[in-house]
Amino acid sequence: MMKKIIGIFLYSILLISFNVSFSQKLPPGSIKVKELNSFIDQYEVTNLAWLEYLFWLKDKYGENSTEYNNALPDSAIWYSVYNGKFISQNDFRNYPVVGVSFEQANKYCEWRSIVVNEKYSNKNKKVIYKLPSLDEFEQLYSIIKPEIKNEKEIISPIDKLNSNVKVIGLCDNVSEMTSTYGIAYGSNWTLKDTVCNIKLNYDKPANWIGFRCIANFEKLK
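The sequence shown lines up with residues 1 to 221 when you count with our numbering.
Mixed in with the good hints, there may be bad ones.
Now the in silico label distances, taken between C-beta atoms and shown as ranges [as the list claims (entries may be wrong)]: (1) Lys160 to Lys221: 42 to 50 angstroms; (2) Asp135 to Ile31: 18 to 26 angstroms; (3) Glu67 to Ile198: 30 to 38 angstroms; (4) Asn94 to Tyr61: 24 to 32 angstroms; (5) Lys192 to Lys145: 17 to 25 angstroms; (6) Lys160 to Gly62: 41 to 49 angstroms; (7) Glu138 to Thr66: 31 to 39 angstroms; (8) Lys166 to Thr66: 35 to 43 angstroms.
Derived pair list, reagent style DMTMM-like, types lysine to aspartate or glutamate, alpha-carbon separation capped at 20 angstroms [as the list claims (entries may be wrong)]: (9) Lys126 to Glu63; (10) Lys107 to Glu63; (11) Lys221 to Glu118; (12) Lys34 to Glu110; (13) Lys85 to Glu63; (14) Lys199 to Glu118; (15) Lys219 to Glu118; (16) Lys130 to Glu118; (17) Lys125 to Glu63; (18) Lys123 to Glu138; (19) Lys60 to Asp135; (20) Lys130 to Glu35; (21) Lys145 to Asp74; (22) Lys126 to Glu138; (23) Lys107 to Glu118; (24) Lys107 to Asp74; (25) Lys166 to Glu138.
Rather than coming from a laboratory, the hints here were simulated on the basis of the structure. From a predicted model like this one, the values you see are computed outputs, not experimental measurements. Note that the Cβ used here is the ideal one computed from N, Cα and C, for glycine as well.
Take the sequences, apply the hints, and build the full model.
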């Protein structure tokens, strides 16, 4: 029973932590970037947010299901950054999730669209989450003009980063997947003395790659 209560609590964080709803014309967890005509996550997707996702999959399909096990991060990559087991490690839940593949990130965006539309049902429109395109990232960086803050090779919790900008973590922590497989954007914790708006290639999950979602409304017929 206690595990069920904890799971429900985790599941609710994604939906209510930003205190927004469709009635406020914002997809939960996002802020509006009018120049992009889109809504983007203020932070990178965290370990806690991924645990919410895992709880939902476990509750719906079971712990031994393909759906649940296919969503688990690469434990070796996650351990290389956070030095602990993903499921049981509490100290790093406010840090960006790593060890996640391009396919897993896209599945998360699909899931997030489902649960948000279920929570904030609207007969006129629905919200669609996805990975930002390379062009959207480039536009975002030109709008935000973030400055690199890394003084040493370290990864930080999202609430310890520069809060003077609307979109946080663009130059810190992890480079972020774009909607194009194999291309990540932005600096990361393994790089020092470099520019923020850089394009990086990858071919598998890595300890320097995370992601955030971008969202748009779609009118229903």
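Please write out, lowest number first, the hints stated earlier that are contradicted by the structure. 6, 9, 12, 14, 17, 18, 19, 21 and 22
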